[in-house]
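Trainee: Based on these hints, arrange chain B with the ligands on the given structure of chain A.
Okay, here's what each chain looks like letter by letter:
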Amino acid sequence: MKNFRRLWLDGPYLLWTAAFIVIPLFTIVYYGLTDKTGAFTWDNILAMGTLERMKALILSLVLSLIATAVCLVMAYPLALILTNLKSGATGFIVSIFIIPMWMNSLLRILAWQTLLERNGVINQILQAMHLPKLYIINTPYAIALGMIYDFLPFMILPIYNSLLKLDPNVVNAAYDLGANRFQTFWKVIFPLTLPGVISGITMVFVPALTTFVISAFLGGSKVLLIGNVIEQQFTQVGDWNIGSGLSLVLMVFILISMAVMQHYDKDIAENKTAL
Amino acid sequence: MSNRLIDLQHITKAFDGTTVLDDMNLYIRENEFLTLLGPSGCGKTTTLRILGGFETPDEGRVIFDGQDITSLAPNKRQLNTVFQKYALFTHMSVADNIAFGLRIRKKSEDYIREKIRYALKLVNLEGYEDRSPDSLSGGQQQRIAIARAIVNEPKVLLLDEPLGALDLKLRQDMQYELIRLKNELGITFIYVTHDQEEALTMSDTIVVMNQGYIQQIGTPEDIYNEPQNAFVADFIGDSNLVDGTMIEDRLVEIFGVRFACVDTGFGTNRPVDVVIRPEDLELTALPEGAEPGSEEYEEAAGRITQMNPGFLEGIVSHVIFKGMHYEMEVRARGFEWLVLSTRMFQVGTKVLMSVDPFNIQIMNKPESEDEKAVNPEGGIG
Ligand SMILES: Nc1ncnc2c1ncn2[C@@H]1O[C@H](COP(=O)(O)OP(=O)(O)OP(=O)(O)O)[C@@H](O)[C@H]1O
Ligand SMILES: [Mg+2]
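For the protein sequence lines, the chains are A and B, in the order given.
Positions 10 to 284 (the numbering used here) are the ones given, in order, by the first sequence.
Positions 6 to 386 (the numbering used here) are the ones given, in order, by the second sequence.
Just chain A, with the same shape it has in the complex:
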């Protein structure tokens, strides 16, 4: 009876998990580890080894790390300012950051394309002001800019939330015990909001590493990220096996980064972060 009820409750959830998470994952693993005839092979994994693909992978890693770092450096002070605002203004400013998230990401990237184009809005303004033009469209800079713009809210919100949850008296206690603002921040505020920082990092780094939309529009066909390489395998070359193999390699990098983050998270939980 009890087991039956459990099945009844858990069933839909298990079905959902199977249909949309486990099956697609196994499909990718299957395609990634077989050739066209269905025989087992490592070839699709090793296909990452070409110069072009390695360059794309490394560029992806570098750009997403930079984007994550810049987002973090921008988001933390912003989140701090938000938490210290009077209640009325907070809602307004938070929505300024959230409303763009409701817009289609493609649309936002297209907007940047228009802004950054050789004869786009920014360059026309620069020209009108007799300033040198900015040629960053179709360069890694434009891609990094797009990533930062696109993913910044995902860094701000978890940090903002963890700052909100922080008991103001814990911060007061640090001042009370003689710490100045700098010491209070690094010894108390930052460590206690680290869970928010970590989820922010994950929420920026992972989509940045796998994006192909941002690089497609802001990098032209000149700059390829690993996301574009994989996408081409599926949509242009039509080789699902290699596409899946490359995806698996990318997944390993994501898993490694998640494991590193988990490690820090656990450190906090176990109170190992000494002063």
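The set of hints was computed from the structure by calculation and includes no laboratory data.
Misleading hints may appear alongside valid ones.
EDC-like, lysine to aspartate or glutamate: derived pairs with alpha carbons at most 20 angstroms apart [as the list claims (entries may be wrong)]:
hint, chain 1, residue 1, chain 2, residue 2
1, B, LYS90, B, ASP172
2, B, LYS370, B, ASP178
3, A, LYS174, B, ASP139
4, A, LYS95, B, GLU60
5, B, LYS370, B, ASP248
6, A, LYS95, B, ASP172
7, B, LYS120, B, GLU134
8, B, LYS90, A, GLU240
9, A, LYS95, B, ASP21
10, B, LYS355, B, GLU332
Mentor: For chain B with the ligands alone, coordinates are given in the frame of chain A:
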């Protein structure tokens, strides 16, 4: 116990146009255990936050040891706070929590280790160095918060309802612990509570506050025995608070009956508030069917009028056994009087109620809203 360590002068503070503290004057002596007592929202925490430096008063000055510290940052003050909900650093071990202030002051690790050991011994938590604050009970967390504050050897410890979250038994134990701690450390405690019993047990001086005004400052005995106004009388302990008329010196009329009392200087025929503590009312049972004029009645009345010519006749309407005593309600002249007695009177018993003149407390009625404030230096009674 003599010199003034802290002087709050004309402190006024408003939040969003609402006055929370209104021209507050208060001094705190060295080594004193001073308690701010009052109902929720009366401004106790705000007063403490002004002392700690987390809030700046709109007007007035805070003098500490002769120096004006009104706008000095919290980290520069020689006071430490124990916050209402402990506010421990949950990402650090107990030892690191306690060491926080010492490391900021760049003390040597040897000194710090010694201090941690000493502080944990003082709060009876030896061997808890490596525990995480989250793994401790409320009472233990509270003691860590105290240890974290006292290792810095502050001149004054500010405690904001430190026992508020604990259950009754633990709270009573911790009250004794705190008194012991204070005596051992020999420092000044400024303590906030809305629990009058806690205040009466622990304090040298109690400051009763209401709506941002100080109502009375005095020793626990003063506050309990001689409340200065109806608010204090009502807030401290259970009491019977009734309207009366001061006929002349040493004579007050309550519900049409004249009672002898010891108060003077209220003028003649002035309306006053009268407070009688429930334990001060004395009951005499009347035999069944004894009417005024009958022999039994006159005999009983005669005996009690030797103490005070005034008495009231009533009927016991409610009895509860409270362990040490009985708590009873007596209906007399339309008023339910609260009476505490070690003797039990059955519900329905006719009684005569009398009171020693010394135990009748007369207070002026507040004449206007502005009279809510009381001069802190003023004498009592
Ligand atoms: N930062 C603030 N902003 C606005 N109003 C405040 C602020 N701090 C306190 N108040 C208001 O000031 C009044 C007094 O608050 P305070 O915290 O001093 O009361 P309290 O006596 O400590 O009460 P409690 O026993 O509930 O802790 C309350 O009405 C409260 O709402
Ligand atoms: Mg309070």
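Trainee: Indicate, hint by hint, whether the structure satisfies it.
Mentor: Do the hints match the structure? See the list:
Using a Cα cut-off of 20 angstroms, the hinted pair B:LYS90 and B:ASP172 holds, with the two alpha carbons roughly 14 angstroms apart. Proximity of B:LYS370 to B:ASP178 is assessed by CA-CA distance (about 39 angstroms); at most 20 angstroms being required, the pair is judged violated. Restraint check for A:LYS174 and B:ASP139: satisfied, since their Cα atoms lie roughly 16 angstroms apart, inside the 20 angstroms limit. Under the criterion of a C-alpha separation no larger than 20 angstroms, the hint pairing A:LYS95 with B:GLU60 is consistent with the structure, at around 16 angstroms.
Restraint check for B:LYS370 and B:ASP248: the C-alpha separation of about 9 angstroms stays at or below 20 angstroms, so the hint holds. Proposed proximity of A:LYS95 and B:ASP172 is contradicted: the alpha carbons are some 36 angstroms apart, above 20 angstroms. Taken as a hint, the B:LYS120 and B:GLU134 pair is honoured in the structure, with Cα atoms around 12 angstroms apart against an allowance of 20 angstroms. With a C-alpha separation of about 54 angstroms, the suggested pair B:LYS90 and A:GLU240 falls outside the 20 angstroms cut-off, and the hint is violated.
Distance hint between A:LYS95 and B:ASP21 is fulfilled; the C-alpha atoms sit about 12 angstroms from each other, no more than 20 angstroms. At most 20 angstroms may separate the alpha-carbon atoms for a hinted pair to count; B:LYS355 and B:GLU332 meet this at roughly 16 angstroms.
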